[in-house]
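Here's the letter readout for the chains.
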Amino acid sequence: MPVKPAVSVVASPAAEKTTPSSPAPVSPVREFLNTRGSGRLADTSFAALMLACACSIFVIVLFIFWILIQNSHLSLAAFGWKFFTREAWDPVSGDFGALPFIYGTLATSLLALAMAVPLALGVAIFLTELCPRPLRAPISFLTELLAAIPSVVYGLWAVFVLVPIMRDTLGPFLVKTLGWTGFFEGANFGVGLLTASIILAIMILPIISSLTRDIMTAVPHSQREAVLALGATRWEMIRIGVLRNSRIGIVGAVMLGLGRALGETMAVTMVIGNHPEIHKSLFAPGYTLASVIANEFAEATGDLYYSALIEIGLALFLVTIVVNAVARLMVWAVTRGAPSRAS
Amino acid sequence: MGVGIQVEDLNAWYGSTHTLQDINLHIPANHATALIGPSGCGKSTFVRCLNRMHETNPIARATGVVKMGEIDIYREASPVEIRRRVGMVFQRPNPFPTMSIYDNVISGLKLNGFRNRRILDETVERSLKQAALWEEVKDDLKKKSGASLSGGQQQRMCIARALAVDPEVLLMDEPASALDPVSTSKIEDLIFQLKTQYTIVIVTHNMQQAARVAENTGFFLNGKLVEFDSTHKIFTNPRDKRTEDYITGRFG
Amino acid sequence: MSTQPIQAQPLGDPRKPSRANILRRYTADRIVSGLAVLATVIVLAPLAAILFYLVYKGASSLNLAFFTHVPAPVGEEGGGMANAIVGSSLVLLLASLMGIPVGIAAGVYLSEFGRGKFLGNAVRFTADVLNGVPSIVMGITIYSLVVKPQRHYSALAGGIALAIMMIPTVTRTTEEMLATVPLAIREAALGLGVPKWRTAVSVSLRTASPGIITGCMLAFARVAGETAPLLFTAFGNQFWSFNLNEPIAALPLQIFVYAISPYDEWHRLAWAGALVLIVLIMVSVTLVRVFANRGVLKGGS
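Residue numbers (my numbering), protein chains in the order written: chain A, 1 to 343; chain B, 344 to 595; chain C, 596 to 896.
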């Protein structure tokens, strides 16, 4: 809305009278326009309506927060902060702790990041710096398609394609080559932490790579030329002219991917094995915050059980809010903040 | 028919920049008045204050009195009401890209709720004829988009759009600066004819243009109105040294 | 930096990099380029695999019955997902009716009123953050808000959950599309004495409408595949239902239930359902892409 001019502007009906200086007959067009009011009421109500809708976004976030707090108070009162460090999950005796889920969530998300970030960076570098121009649009389009595939479809594919591969090919191979690390022990059924991490990595790749690409494109061309002009090879130009200038944004993009991985539900639920225990082995079945809600919420009979699940949802909500907020600030800092840093 | 404009102690700001300082001036009715000066001198801000377009920018504000005929536009009317009485032509042609030529011309009526088809048809023909565009576009008024015309045609369509609301005053903010010489001379011819019916205020950085079309000329410098007089006087015998420097090309 | 690898040589011109140095740098260059290409291939491989399996398994299971029949009882051959398709459409329609107007209005606020203001930036930021809230959280919130007090699952609850998920996407695309409308066009309308609200609706929104429509389709496509928020709201239903106050079937829910079931016949239907879903989504995304590339507007000058 325009700032009020220093002079006070008051609509007066007197202004509607035609000016005496024009004695000529008034045209129908002018006559009509002179009868139209200032439209101030319509303008004000329109602005208010738009503002209300915009504020509804705040309201939604606060509302989610409030509802989750309200509904988890039983569990909050019963377990307090210990809830997040206890390993027990026994609906029958009413003993709840979220540690196995936190472990499962962190393990799968971080493992997924470890797999996805180098690949995403590679794709972004390829797309912005190396890719022949005619290939650029189709490849970035394909990676965007990857982002549009619903979680449940990834899950379906994972259940019928990835799980058998893990069980019969990749699993035994890992045992043979990396078995000594102790991360690949125990029975391998194909479902478990590792499978969940792989499907998560596939799912967050497009997000990270397309954001990283945007950020790297935002680096001014002069930066690249400056480095090239010093006799750098292309890789040195990318490392010094591009990556160094956009690292904050890239960290932000990675965190956005992390936010998505933490909250990802369906695909993970379908392949992680759903067992609330903490194992070192990546073949072992696990459980994540999101998947325990998806699996047990509908059957949560007792009030405390229900409340404990809501508290898990609350934790997930708060963590993703923080991760996303920090990530957005980082991405914004690069893509809209002054990109032309003096060199 | 046009009305005169009386400006008293007009000051304007963009944020903390004082872009117009104590402007006092009378613009006579049914004449063309040119405003010249180097870029950034405040002449565009000045015309935008005459129809309160200045305040559409959230950081801008203005104080002072502007009387259009009998009405003090800052105290006795809302911005919307004033803008309906004042046509404005901008520096670059700005047709509505989604509308046909026909709809573009009568957009000021339609968007304000005017529905009478017969009068709309008449208005389109009258305004396009006034803007000397009728012959070129009359066959595809509703078929072609306003944005499909050439730059000069677009600007004349924008003039027709401003005339369609039957304004009392026509403000032109460097209307020919984005056009080729042929289109420019067409626009100048147009101003020459229109100034008998409307009060025209034209901002220009082109001194020859001011000399060709306007009876009176004002010279702006650094947010101040340095000199305002008949065009002949300004260009042959200016009172102020700075005006003389400018028109003789010593700066700007 | 380029001075760093240049080390003084005992012999010859000290500023001239050694042969080994050049070799090392160019090898690094080659290796990294190779890795980048490899990464791209590795990323595209799963996409190709997923699309291949969808078409291979899905197309062979698609038939007319899929679109006309309700699910068959366990152990029987045949059956389809007609009720799930209709249910999904119903829930999505509800979600669009609630989410799109609010989202567009919020986008109009951001672009036309809130530019450069603290509140505008705060809303934009909140919308981006809301976009990242896990959909399962949306599901349990709406469960607690709507389903629990009513004591039954309902299509309405599912619609609300999806509507909330649509709002941030619609808001941000609307804002971005409105930002592409040149200021000069708004000034043209304002200069004609058109009130601000009318300018926003008939000029800004109308000029940006192709982009906004595709943005809405993108939001639609995104929530069309959402399963988690529907688990405890729409819940699913093996039969026809048109009552908004009752549990209703939805395509992604049905795919989930069938995928984790032990029956081959259901697996087959899950693949077919996934193919239908993905075709719907891909068409929307492609349309969005086409419009985005065309720049939507070239108006103004």
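One thing to keep in mind: the hints can contain errors.
The following residues of chain C were derived to be distant from chain B, with all beta-carbon distances above 12 Å [unchecked claim]: (1) GLU771; (2) LEU785; (3) SER804.
Across the chosen pairs, the derived CB separations fall in these ranges [said to hold, decoys possible]: (4) B:ASN549 to A:ASN34: 32 to 40 Å; (5) B:ARG460 to C:GLN745: 47 to 55 Å; (6) C:ARG625 to A:LEU142: 20 to 28 Å.
Calculated directly from the structure, the hints in this document are not laboratory data. Virtual Cβ for every residue (Gly too), placed ideally from N, Cα, C.
Hint check:
no., hint, verdict
1, GLU771, "18 Å, holds"
2, LEU785, "6 Å, violated"
3, SER804, "8 Å, violated"
4, B:ASN549 to A:ASN34: 32 to 40 Å, "35 Å, holds"
5, B:ARG460 to C:GLN745: 47 to 55 Å, "53 Å, holds"
6, C:ARG625 to A:LEU142: 20 to 28 Å, "25 Å, holds"
Checked against the numbered hints listed earlier, the structure breaks hints 2, 3; every other hint is satisfied.
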